[in-house]
Amino acid sequence: MDKNKSDELNYDVVNKSLTKVDGTALVNGKPVFTGDYDYSNGLVASILHSPKPRAEIVNIDVSAAEEVEGVEAILHQGNVERVPHTTAGQGYPEPSPYDAYTFDSKVRYVGDRVAAVAGESKEAVKEGLDKIEVEYKELEPIFDLEESRDSSIKIHDEEDSTGIYDPERNIAANVDIKIGDPKEVISQSDVAVESSCRTQFAQHTPIEPHVTTAYLDEHERLVVKTSTQVPFHVRRILAQVLDMPIGKIRVIKPRIGGGFGVKQELLLEDVASLFALRTGRPVTMEYSREEEFNSSRTRHPMEVDVTLGATSEGKLQGIIMEVLSNTGAYGAHSLTVLSNVGSKTLPLYNKASDLHFFGDAVYTNLPVPGAYRGYGAPQGYFSLEVAIDKLAEKVGKDPIEIRKLNHIREGETSPIFEKLGEGKEGTVQHIHSCRLDECIDRGAEEIGWHARDEKQASKAHRKKGFGLAINMQGSGIPLIDMAAARLKLNEDGSFNLYVGATDLGTGSDTVLSQIAAEVLEVDLDDIIVYSSDTDFTPFDSGAYASSTTYVSGNAVEQAAKKAKEKIVRAFTDLNDEDPGKVELSDGVLIGEEERETLSEFALSLTSGELETDQQQIEASASEVPEESPPPFSAHFVELEVDTRTGEIDLQKYVSAVDCGTAINPNLAEGQMEGAIVNGIGYALTEEMKFDSSGRMTNPSFFDYKIPNTEDIPDIEVILVESSEPTGPMGAKSVGEIGINGAIPAIANALRDAIGVEFTEPPFTPEKVWKKMKDERE
Amino acid sequence: MKVEFELNGEVKEFDVDSGEILLDLLRDEGCKSVKRGCETGDCGACMVLVDGRAMTSCTLFAAQADGKEVRTVEGLEDELAEQLKESLLEAGAVQCGFCIPGVLISAYSLLSRNEEPTKGEIKAALDGNLCRCTGYVKQIEAIKETADSIGGSSNGQK
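Chains as they are written, first to last, in the working numbering: chain Z, 1 to 777; chain L, 778 to 935.
In case anyone wonders, no lab produced these hints; they're calculated from the structure.
Since the structure is predicted, the reported quantities are computational estimates derived from the model, not experimental observations.
Note that beta-carbon positions come from the ideal geometry of N, C-alpha and C, so glycine has one too.
There's no promise every hint is true.
As the list claims (entries may be wrong) - In silico contact screen, one side only, chain Z against chain L (beta carbon under 10 angstroms); selected entries:
#, residue
1, ALA25
2, LEU26
3, ILE177
4, ILE207
5, GLU425
6, ASP503
7, GLU673
8, ASN678
9, GLY681
10, PHE702
11, THR709
12, GLY738
Said to hold, decoys possible - Pair by pair, the computed Cβ-Cβ distance ranges are:
#, chain 1, residue 1, chain 2, residue 2, range
13, L, THR817, Z, PRO51, 28 to 34 angstroms
14, L, GLU806, Z, ARG169, 33 to 39 angstroms
15, Z, TYR39, L, ASP904, 34 to 40 angstroms
All chains should be modelled from the sequences, with the hints used to inform the complete structure.
Spelled out as structure tokens, the structure:
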């Protein structure tokens, strides 16, 4: 691998910070989001959520609600077909259990679905919801994760659910992977350290809540315009739940206002579709912020215990990682998030030969976790990176040194890649690109790591601390997910690019267009991208698992190469050129005899002068990745702790990332910056809190604090570009990795500052103060 | 009840309910740049200029706009606004774009009052605009960039 390839990149369109192709519309506030479209004769609808954490619905009386003027339809378990399914938008067959129902006779958390009302106005719908009389038989709930496995309460006792690992013990999913005998190895090793970390319920909070409109088109086909990351999975699950042919459903994703995983889920689409089918009218549903907190999806809270064994030099020999994951009331993403806790973390430290990764995802009567940026990796890295720092201390090495001694490198592999995939075995994989050492070195330099002992806190009552964490992620799900792309040549030499890929604000439409433009040697303006419409764009698994740049990008690159070949071949044939002697370069077709601009040639292809030689040049390609090359990153923080109040002043955050070629450096930096700040919120302030009946007590932005401009430190993102030989133009993906660093880096910095170990985020001033007090006593 | 206010440069009369929220009225009027993100005044996605001040339209009754001048991003097309839009795009400060109209309103309001804000003043002006995509880094940069270019040109004129 040429380590300096990034310095030699010579692209015209790729590796340039071009502005987003949808940017002008967005910055002008154009009506491009799902909720911005107006429909004549449209209805609105809302859901009646359960006030009980666990109960049987004995009776639902909707008669008074039906009488409300403006109420048009009511749905509940008595009038909707019961179809076991998963709400998780994953590739088919889904690895999540089929334990969800559009409406069920049982509710399993405060916020669960009970019924839904569609009406002429929000007011009518609200009155209708208020007038539904529900008789509940309350059942004893279970909230404690530890107790759930041994409880006599069975959260999913229905007979028609499938795919639950052990419903008798409330275990939705289980993973147990052993390589060698780590217990024995660790017991024999010079040094052993442990860490035990617990993470909290946290929410994605895209600023645009879930919103969906369903309607029947003029041919009575169901059209669902929705804020989703997974239009094709939504279509397939809708077909299953509604018992309709896939071909009778069209799902369109317009611009969407952020997702972060919470929109990798079927949340409103089934209900809106049922209303549209029953009333024949367009039906729009939009979650309020309170519903978004209570009844969308969250990050899986977890208990992650790590034990490391190493030589006295700090060389890792064995790692045991045990996970207990809280999957709330339903098992969406339970197995795959659990798997990722190990599969995205343990390969990083491949010097450890003996490994055991095991754990359960357990039901409780709490809100439902799902996919969330990082997908288990943040929870795993928290415990792992805290343990690595403890190991460094124990063997007397710098935290940087211990990591460099143990992390994976180019040409190397890890048995975890093969043993542990997404809900099943993984695939063998070697690392072809890794500049993690350089990430560490450049990050260290930027934060002033090696001079950190000389830096004093700004005030006498403050303590200064520095912390580090390194991590990797992946680029798509190998041999499972698929992306396709199609290119069509227009008469002026521009191209329509059709991709199933889903731009949820990340800029993937732009990145994919840049890749196409680069291959076809045209300007970015000559690529007209259209994405995420199941009627018009080819299949794509969707925007998750850091897949779009790598997987969809490869599909686009291949489709563009094919289109180019077809253009060259057509020019060769039509002009009787020698095969192999024609080139398309900078928008000009050059043969030995003829020379023509692409736009002239494109126009001629549909000209009557060509008679029967007229043709439409199109090309498509499907990409199924065989590998998932990890991006790598190093995160450094500098902070001060006020010893009087426990307040943390996060001063500087540096992250260096190897994401292969940055197709659009500005957008790649933006992915990192957004993920870092999201991670800082997760580390310092964000926590969904519940009362004794399982009701969330802080379902608003006022009480659930996500970072604003005043909360961010100085943030520096450094792109350390490598060249990934399997990626499009050397690229890997970068959507998730940035969120893995904040909690462990901050925890390590806190320990550096005040010598106290923090294992339960968010690290609020209250917790910090209490810990310091406990330590003194 | 009848209320009258200037919306994006045009004086209009509206028939509103007493409890009607300004956010709903504006969206019904076609001003879709005004986004619904929380309805509690916390996220800033629904910000509009009321007599030149950035305010969350979800915490205002439509009736409170009576006699005032309301501007949304649909009506924000002067040089400062265009410069801000360009800087936001160039800096890569727009990801999903859902918060951007609110950010524009806050930034416009700030730069209308203060041509040379410090980074601290920019952060303070934007502290009511939640963004989950960008981490704010490039948004702050873009506004500083706009201030520098505008400050630069007015300095040149002097």
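The hints, checked one at a time:
At its closest, the beta carbon of Z/ALA25 sits 8 angstroms from a beta carbon of chain L; the interface hint therefore holds under the 10 angstroms criterion. For Z/LEU26, the suggested interface contact is upheld, since its CB lies about 3 angstroms from the closest CB of chain L, less than 10 angstroms. Interface hint at Z/ILE177: violated, since its Cβ lies 34 angstroms from the closest Cβ of chain L, which is beyond the 10 angstroms cut-off. A hinted interface residue such as Z/ILE207 counts as satisfied when its beta carbon comes closer than 10 angstroms to some beta carbon of chain L; here the least separation is about 5 angstroms, so the hint holds.
Checking Z/GLU425 against chain L: minimum C-beta separation of about 35 angstroms lies over 10 angstroms; hint violated. Below 10 angstroms, beta-carbon pairs count as interface contacts, and Z/ASP503 has one with chain L at about 9 angstroms; its hint therefore holds. Satisfaction of the interface hint for Z/GLU673 is found here, the shortest Cβ-Cβ separation to chain L being roughly 4 angstroms, below the 10 angstroms cut-off. Hint status for Z/ASN678 relative to chain L: holds, with the closest Cβ pair at about 7 angstroms, below 10 angstroms.
With a cut of 10 angstroms, the hint placing Z/GLY681 at the interface with chain L holds, because the nearest CB-to-CB distance is about 9 angstroms. Proximity of Z/PHE702 to chain L holds as hinted, the smallest CB-CB distance being about 5 angstroms (cut-off 10 angstroms). Hint on Z/THR709 holds. Least Cβ distance to chain L is approximately 4 angstroms, under the 10 angstroms limit. The interface hint given for Z/GLY738 is met, as the beta carbon of that residue sits about 9 angstroms from the closest beta carbon of chain L, less than 10 angstroms.
The given range of 28 to 34 angstroms is broken by L/THR817 and Z/PRO51, whose C-beta atoms sit roughly 21 angstroms from each other. Taken as a hint, the range 33 to 39 angstroms is violated for the pair L/GLU806 and Z/ARG169, whose Cβ atoms sit roughly 56 angstroms apart. Checking the proposed 34 to 40 angstroms range against Z/TYR39 and L/ASP904 shows it holds: the Cβ atoms sit about 36 angstroms from each other.
Taken one by one, the earlier hints fail for this structure at numbers 3, 5, 13 and 14, listed in ascending order.
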